[in-house]
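Number of protein chains: 2
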Amino acid sequence: MQFEILEKDKNARAGLIKTGKGNINTPAFMPVGTQATVKAMSPDELKEIGAEIILCNTYHLYLRPGHEIIHSIGGLHRFMNWGGPILTDSGGFQVFSLSALRKIDDNGVHFKSHLDGSMHFIGPDKAMEIQLRLGSDIAMVFDECTPYPVSYEYALKSLQLTTAWAKRCKELQRQGQALFGIVQGGISKELRKRSAEELMEMGFNGYAAGGLSVGEPKEEMHEIIDFIAPILPGDRPRYLMGIGDIRDVLVAVEAGFDMFDCVMPTRNARNGTLFTSMGRISIKREEYKSDNSPLDPDCNCYTCRNFSRAYLRHLFLAKEILSMRLNTLHNLYFYLDFFRKMREAIGSGTLREFKRKWETAVS
Amino acid sequence: MQFEILEKDKNARAGLIKTGKGNINTPAFMPVGTQATVKAMSPDELKEIGAEIILCNTYHLYLRPGHEIIHSIGGLHRFMNWGGPILTDSGGFQVFSLSALRKIDDNGVHFKSHLDGSMHFIGPDKAMEIQLRLGSDIAMVFDECTPYPVSYEYALKSLQLTTAWAKRCKELQRQGQALFGIVQGGISKELRKRSAEELMEMGFNGYAAGGLSVGEPKEEMHEIIDFIAPILPGDRPRYLMGIGDIRDVLVAVEAGFDMFDCVMPTRNARNGTLFTSMGRISIKREEYKSDNSPLDPDCNCYTCRNFSRAYLRHLFLAKEILSMRLNTLHNLYFYLDFFRKMREAIGSGTLREFKRKWETAVS
Numbered sequence: 001m002q003f004e005i006l007e008k009d010k011n012a013r014a015g016l017i018k019t020g021k022g023n024i025n026t027p028a029f030m031p032v033g034t035q036a037t038v039k040a041m042s043p044d045e046l047k048e049i050g051a052e053i054i055l056c057n058t059y060h061l062y063l064r065p066g067h068e069i070i071h072s073i074g075g076l077h078r079f080m081n082w083g084g085p086i087l088t089d090s091g092g093f094q095v096f097s098l099s100a101l102r103k104i105d106d107n108g109v110h111f112k113s114h115l116d117g118s119m120h121f122i123g124p125d126k127a128m129e130i131q132l133r134l135g136s137d138i139a140m141v142f143d144e145c146t147p148y149p150v151s152y153e154y155a156l157k158s159l160q161l162t163t164a165w166a167k168r169c170k171e172l173q174r175q176g177q178a179l180f181g182i183v184q185g186g187i188s189k190e191l192r193k194r195s196a197e198e199l200m201e202m203g204f205n206g207y208a209a210g211g212l213s214v215g216e217p218k219e220e221m222h223e224i225i226d227f228i229a230p231i232l233p234g235d236r237p238r239y240l241m242g243i244g245d246i247r248d249v250l251v252a253v254e255a256g257f258d259m260f261d262c263v264m265p266t267r268n269a270r271n272g273t274l275f276t277s278m279g280r281i282s283i284k285r286e287e288y289k290s291d292n293s294p295l296d297p298d299c300n301c302y303t304c305r306n307f308s309r310a311y312l313r314h315l316f317l318a319k320e321i322l323s324m325r326l327n328t329l330h331n332l333y334f335y336l337d338f339f340r341k342m343r344e345a346i347g348s349g350t351l352r353e354f355k356r357k358w359e360t361a362v363s
Numbered sequence: 001m002q003f004e005i006l007e008k009d010k011n012a013r014a015g016l017i018k019t020g021k022g023n024i025n026t027p028a029f030m031p032v033g034t035q036a037t038v039k040a041m042s043p044d045e046l047k048e049i050g051a052e053i054i055l056c057n058t059y060h061l062y063l064r065p066g067h068e069i070i071h072s073i074g075g076l077h078r079f080m081n082w083g084g085p086i087l088t089d090s091g092g093f094q095v096f097s098l099s100a101l102r103k104i105d106d107n108g109v110h111f112k113s114h115l116d117g118s119m120h121f122i123g124p125d126k127a128m129e130i131q132l133r134l135g136s137d138i139a140m141v142f143d144e145c146t147p148y149p150v151s152y153e154y155a156l157k158s159l160q161l162t163t164a165w166a167k168r169c170k171e172l173q174r175q176g177q178a179l180f181g182i183v184q185g186g187i188s189k190e191l192r193k194r195s196a197e198e199l200m201e202m203g204f205n206g207y208a209a210g211g212l213s214v215g216e217p218k219e220e221m222h223e224i225i226d227f228i229a230p231i232l233p234g235d236r237p238r239y240l241m242g243i244g245d246i247r248d249v250l251v252a253v254e255a256g257f258d259m260f261d262c263v264m265p266t267r268n269a270r271n272g273t274l275f276t277s278m279g280r281i282s283i284k285r286e287e288y289k290s291d292n293s294p295l296d297p298d299c300n301c302y303t304c305r306n307f308s309r310a311y312l313r314h315l316f317l318a319k320e321i322l323s324m325r326l327n328t329l330h331n332l333y334f335y336l337d338f339f340r341k342m343r344e345a346i347g348s349g350t351l352r353e354f355k356r357k358w359e360t361a362v363s
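Protein sequence lines, in the order shown, are assigned to chains Y and Z. When we follow our numbering, the leftmost residue of the first sequence carries the number 1, and every step to the right adds one. When we follow our numbering, the leftmost residue of the second sequence carries the number 1, and every step to the right adds one.
Fair warning: there could be bad hints in the mix.
The list cannot tell twin chains apart, which means a pair is met if one copy fits it or any two copies do.
To be verified - Quick list of in silico lysine to aspartate or glutamate cross-link-like pairs, DMTMM-like style, CA-CA up to 25 Å:
1) K319 <-> E45
2) K289 <-> D226
3) K189 <-> E4
4) K39 <-> E320
5) K167 <-> E344
6) K167 <-> D9
7) K289 <-> E171
8) K289 <-> E216
9) K18 <-> E4
10) K126 <-> D9
11) K289 <-> E68
12) K170 <-> D125
13) K112 <-> E353
Think of the hints as simulated: they come from the structure by calculation, not from any bench.
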C-alpha cells in the first residue's frame, strides 16, 4: 500500500492510496458492507456510483458464515464479488457494542454471540487470523473502544490494553496486507497523545482515531479530532472511524483526516431519510404524495434520473424492496459525490467556502 | 394491439403480440409487479433479463397509492419507469381473495380494504375507470373468480354475473387499450363453453381462462385447460391466469395457450427456493455452506455468473436484501429463459420432446 498526497488546502489533504486492488482517492468514504454485502446494493452498482473501497466487519463475518468458509471460497473479494480494495475492522468495536457477557483479559475478550448466544474469544491473535483469512487489503488492530463517560483511570487502562494488543497485531502482520493502528484515549488529550506516540513508535501503514461519537458532546468530539490529526504522521493515511455526519466529516477533513466509514447513508436510506442538496428529506411525508419531481434535481443518480418523489414515497409506504434499493443507491451516490466535490475543493484551495456552503445546506 | 401466429406445433403456437409499447413473443411469461414494482427488481434489470410485458394489480394500485395519483404522475409506465407493455388485472380476483366483508350485487362488489379496513366498491365501471387511469396496454374485464368446490347453481350464477360485467366493460373500452374477456365456469365444461361463447359474441382482443388452480385436483385443471383452449378464437391471444408451475405451463402451451403470469418465481425466490435445470434448490441447506459452484452451472444470469452457492446461502441466512435481489433475478431469468426455449421448441416442432425433458427435470 502506498499513499501520496496530491494537493493540500491548509491542513486538509487530497491524496491517493494505491493498493494491489486499485486506487483510492482521499478523502475517501467507505460504504459499510457488514455481512459481506453493502445492504441493498450489488457490487456492480457500488462500482458504478464510484465506491473505491468498502468496509466489512470482522466480528459479523467471523460469526456468520465464518472466516474459514470465506477463505475456502477464495477470500472475501471473490465471496462477495467485489474486485476493489476492502478494509476490515478488527471486531473490537462490535465485540463491545453488540455481544453480551464480555470478560476482558490481557489476551482478548470472551463474549457471547448476538446471533445464538454461543461463547467466543477474540483477541489480537484471533482478529489478525480472521482478517488474514478474509484477505482484506487493509486490516485494523484489535482495540478496546473506550466508552463515554469513563474515569481517567479506566481510559488509561483501556489505552494500555489497546497499545499492547496493537503491538501483538503488528508482530502478526503479513506481507500484502496493510495494518492500521487505532488511537484511543477517550476525550483526554494527554491519553490521545500518548496512544498516538506509542503506535507511531511501532510504525503502521495508517492511523485511525477510534472511540469517538460514542456519546460525548459534539464540541468535545471536534476538539479531539482537531487535536489528533496533526500529531499523526503526515505521510500516512488518517482514518476517522465510524463518523459520517457531513458536518463532522468537514471538520475532520479540515483537520487532516483522509478516510471515513459510516452506516448513516445506508441505514437512513432504509428508514426513508434521504440526503439532498437542500438537506434531509423524509420520503414518507404526505407532501410528496403527488410530487412528480425527482428526489434531488441536482443529483445525477439512477434514482433521481428515473423516478419521482411520489413513486419513492409509494414504494416506501408499501414496504417494497425496491424502496430500499433506490434510497440506498441515492444516499450512497450523494455521499460519494460529496466526497468527490470535497476533493475538488481541496484541489482548488476552496475547502473553507465549500465547508461553509455545506454546513448551511445540511443544517 | 395485433397478434400474429408465427409457428405452430400441433395446437401449440409461437406468436407475436404487437403493442404501441413493444412486441411480446408468445408463449409469454409476465412477471408480476403487484404494487407497481416486480418485487426486488429494477425496471432496467427486468428489461435486461428479457421481460417483454409485466402484470400489475388494479386492486392494489387502486388502494395504494391510488389510480388518480398514478394518473397525475403520467400513468403507470412513467410512475414505475417501465417502458414496455403492461397488463393490468381487473381487481376481481383480489377483491375476492384479499379483502374482507364482501357483498356482491349486480353492479359490483362492496369490500373492506386489507390495508386499513376502509370500505370500497369496485364493479365493471370502476375497474375500467381505474385501468384507464393507470394507462395499461391490456386491461382485463371485471369478473368473479368462481371458487372451488362450488355447486353447479353457484357456478352458473357466478358465470352470468361475469358475462354481464364483461359486457359492461366492453362498452367502456377506449381506443388504445386492449381488453381481454375472462372465461369462468369452474370445472364444468358446459359452463366453460357457455362462458366462452358469450364472450366471443362480444368480441375481445384476447381471451383468458380464470378460476383455475383454486383448489381443484391437477387432473381436473388440466382437463379444463385442454377443453378451453381449442374453443377460443385461434387468431386471438389466449391467457391462462395465475398459473406458473412449469408442468402446468407445458400442458397449457401444448393445448394452445399463449400468455402466463405467476408469482411463483418471485415469491419462491424470496423464500430461498430456486429453480435450476436440475430441479428446485432450497438455498439454505447445510450442503451449500462451502459450495463454491454457481447456483446453476447451465444458467447465464448475473447471479450464476458472479456468485457461489455458499454466498447465496450466507445472504439468505443473514436475511440480506441482496439475497432477495439475486434470487429473484435468477428465478425470473430461469422462467424467461424457459419460455424462450419453449418458443424455439415450437418453432422446430419439438415441443413434445421439450415437454418430456422438462417434466423429468422439474419433477
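Right, here's what the structure says about each hint:
no. : hint          : verdict
1   : K319 <-> E45  : both (22 Å within a copy, 20 Å between copies)
2   : K289 <-> D226 : neither (44 Å within a copy, 47 Å between copies)
3   : K189 <-> E4   : neither (28 Å within a copy, 80 Å between copies)
4   : K39 <-> E320  : both (15 Å within a copy, 7 Å between copies)
5   : K167 <-> E344 : neither (37 Å within a copy, 66 Å between copies)
6   : K167 <-> D9   : neither (34 Å within a copy, 75 Å between copies)
7   : K289 <-> E171 : neither (59 Å within a copy, 33 Å between copies)
8   : K289 <-> E216 : neither (39 Å within a copy, 42 Å between copies)
9   : K18 <-> E4    : within (8 Å within a copy, 59 Å between copies)
10  : K126 <-> D9   : neither (40 Å within a copy, 65 Å between copies)
11  : K289 <-> E68  : between (49 Å within a copy, 11 Å between copies)
12  : K170 <-> D125 : within (10 Å within a copy, 75 Å between copies)
13  : K112 <-> E353 : neither (48 Å within a copy, 57 Å between copies)
Taken one by one, the earlier hints fail for this structure at numbers 2, 3, 5, 6, 7, 8, 10, 13, listed in ascending order.
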